[in-house]
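Novice: One letter stands for each residue in the lines below.
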Amino acid sequence: MTKLRWSIFLILLLPACSKSNELKDEMDAFTGFQQPAGFPAPVYKLVSNPVTKEGFELGRKLFYEPRLSRNNTISCGSCHIQTAAFTHHGHDVSHGIDDRLGSRNSPPIMNLAWNTTFMWDGGVFDLDLQPVAPITNFVEMDETVGNVLNKLRQTSPYPALFKKVFGTEEITTARMMKALSQFMVMVVSDQSKYDSVSRKQATFTPAEQQGYALFQQKCSSCHQEPLFTDHSFRNNGIGAGPNNDEGRYPITLNPADRYKFKVPSLRNLAYTAPYMHDGRFYTLQGVLNHYALEVQDGPTLDPLLKINAKPGIPLSAAEQQLLLVFLNTLNDRVFVKDKRFSEESQ
Amino acid sequence: MYRIPQIILTILVISSGISACKKDDTTPVADETVKATLSIQFDNIAGDKNLQLNTGTYVNAAGEAFKVDRLKYFITNIKVRNAGGQEYIVPKDSSYFLVSESEAASQFVKVRVPEGEYTSLSFILGVDSLSSVMDVSKRTGVLDPSAGMDDGMYWGWNMGYIFFKMEGISDAAPTDPSGQHKFRYHIGGFGGYSAPTLNNNRTITINLSAGGAAKVRRGREANIHLMVDILKMFNGATTVSILTNPTVMFGDFSAKIADNYTHMFHHDHTEN
Chain E
1 MTKLRWSIFL ILLLPACSKS NELKDEMDAF TGFQQPAGFP APVYKLVSNP
51 VTKEGFELGR KLFYEPRLSR NNTISCGSCH IQTAAFTHHG HDVSHGIDDR
101 LGSRNSPPIM NLAWNTTFMW DGGVFDLDLQ PVAPITNFVE MDETVGNVLN
151 KLRQTSPYPA LFKKVFGTEE ITTARMMKAL SQFMVMVVSD QSKYDSVSRK
201 QATFTPAEQQ GYALFQQKCS SCHQEPLFTD HSFRNNGIGA GPNNDEGRYP
251 ITLNPADRYK FKVPSLRNLA YTAPYMHDGR FYTLQGVLNH YALEVQDGPT
301 LDPLLKINAK PGIPLSAAEQ QLLLVFLNTL NDRVFVKDKR FSEESQ
Chain W
1 MYRIPQIILT ILVISSGISA CKKDDTTPVA DETVKATLSI QFDNIAGDKN
51 LQLNTGTYVN AAGEAFKVDR LKYFITNIKV RNAGGQEYIV PKDSSYFLVS
101 ESEAASQFVK VRVPEGEYTS LSFILGVDSL SSVMDVSKRT GVLDPSAGMD
151 DGMYWGWNMG YIFFKMEGIS DAAPTDPSGQ HKFRYHIGGF GGYSAPTLNN
201 NRTITINLSA GGAAKVRRGR EANIHLMVDI LKMFNGATTV SILTNPTVMF
251 GDFSAKIADN YTHMFHHDHT EN
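Protein sequence lines, in the order shown, are assigned to chains E and W. Take 1 as the starting number for the first sequence in the numbering used here and just add one per residue. Take 1 as the starting number for the second sequence in the numbering used here and just add one per residue.
Only chain E is shown next, with the shape it has when bound in the complex (with noise of 0.2 Å):
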């Protein structure tokens, strides 16, 4: 309440001020998180870190610094790469420091303010301590956050960044985690158009509509509007890889859990292939070909997979095409050129 009180006090002052513009101009650059409209309530609790334009500038120079990694080669952007809405486009599975390969695909950095748990198998509960995961990976970053921490204390301009940031130059786990926070739960994507049309400000196309009515008949009940997943690990009968990746059951040791993995959005779709926990599926028309005639049954099976006679959803080839064109409005060609999240920009 204070601080709207003084930014409308400031708002107020500025025509009388002779530096007016430049002061509004960046006043009205950043403007902290915002709820989209149509969003639920971010989960990431907000209160206890504060966007602030300097705290998302440090944690976005921090989400592609390479000294996160033990031979300061690898960074956040290296596997989350913004023209492919923040995922390592074109690989199955990352690779990490050292071109060692991980067994997962790299998901999207993307609404994160709205997960309740993170990774495919939710084994990691708080974004703040998301990081320590891929830093101390063996096959990602490889490091540990005491090494990070001393080598961002030697090199300028990070402890003056601190300080600007967190009001002394003292460099931490929980600033360097909270400077992280304060990026990613900015990178938001709600610009699709799907979205203008949930708005009224643009409208869908006859073949757009029809998918989004088979979409919303078919996909919603795991696919929840507006962020295209319900935040729930399911097994979606794609059977076990040469792996035998379980999924979310090593976090939790319940055998129901065996090869469920998290449901993930299905915004980006077109920069972010290809799908699936490990990357099995190089195409979007592999992936309803999977649902429509290759699910396989087994013990954890999601039951809204077993609903028919045959495991899987019914579709035909015209309704995948609907599908196909419906799921073409869930890309955000802003999000991926948004300046604010590149590298380029610091």
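Do not take every clue at face value.
Said to hold, decoys possible - SDA-like mimics (lysine to any residue), calculated; alpha carbons at most 25 Å apart, straight line: (1) E:61 with W:137; (2) W:138 with E:159; (3) E:45 with W:133.
Stated by the list, open to error - Output of the computed footprint for chain W on chain E, the stretches with three or more beta carbons under 8 Å from beta carbons of chain W: (4) 173–179; (5) 251–265.
Everything labelled a hint here was simulated from the structure, so no lab data went into it. In this text, a Cβ means the ideal position worked out from N, Cα and C, and glycines have one as well.
Chain E is already provided as a structure; the job is to place chain W on it using the hints.
Specialist: Okay, now just chain W, sitting in the frame of chain E:
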């Protein structure tokens, strides 16, 4: 905003229920009393021998000879009780300790408690569920998850602390990719955040009467000298074999190891 997970709420509800049912004789000592330092020494041994990292050789009940090169465990939530049944709970944020065999100072856990004569000590071997989900800004000192894979006591991939870590070498262990015959026991699990799972936190209560009550008073530093016999981790209700289980981390078997190591602690004597 921040949703307190149901499990934790349940724990809170249950524990508040328990404290409501407590008998009168366990009323906590009022906090305005004069406090002094109480030291608790965790003296790690292996049966009849003192534990010596890297050099000492020990044999477990399965007949397997082994050496230890790393031993660390969390001691938290310390409480003391006097002969009259009055209990003092050390404030949670002053009660997180990491005992490490390679750091002598860490083996003396020092807390401030009211002056008095204590006949019972209890602590958690682990990090309780509320502490395991708290904000990163509160995770300082031994709870700072910055130490990394080898020295660290934190799992990044399945968020939570490793309560007990013991690693070493034994011919009974299979060859690992580095060519060594290593065993690794990393025991953790606080009960789960959004889905219930293993809780390997164990509360250990030690009667100090036989070995000598701790007389806490200003100007002195009473030291409760505990012997911590790491052989008990192998030899207990479950006989743990390095050959059968060379690596135990987050899995059902870890609970058996936690049950075993609950019996490691023996009060030898108190230096008053």
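Novice: Each of the hints needs a verdict: does it hold here or not?
Specialist: For each hint, the structure was consulted:
1. A threshold of 25 Å between alpha carbons decides the hint, and for residue 61 of chain E with residue 137 of chain W the separation of about 21 Å falls inside it, so the pair holds.
2. Between residue 138 of chain W and residue 159 of chain E the CA atoms are separated by roughly 21 Å; this keeps the pair inside 25 Å, and the hint holds.
3. Taking the CA atoms of residue 45 of chain E and residue 133 of chain W, the gap is about 13 Å. The hint holds against a cut of 25 Å.
4. With 4 residues bearing a CB less than 8 Å from a CB of chain W, the stretch 173–179 of chain E meets the requirement of three and the coverage assertion stands.
5. With a cut-off of 8 Å between beta carbons, the stretch 251–265 of chain E has 5 residues touching chain W; three or more are needed, and the interface restraint holds.
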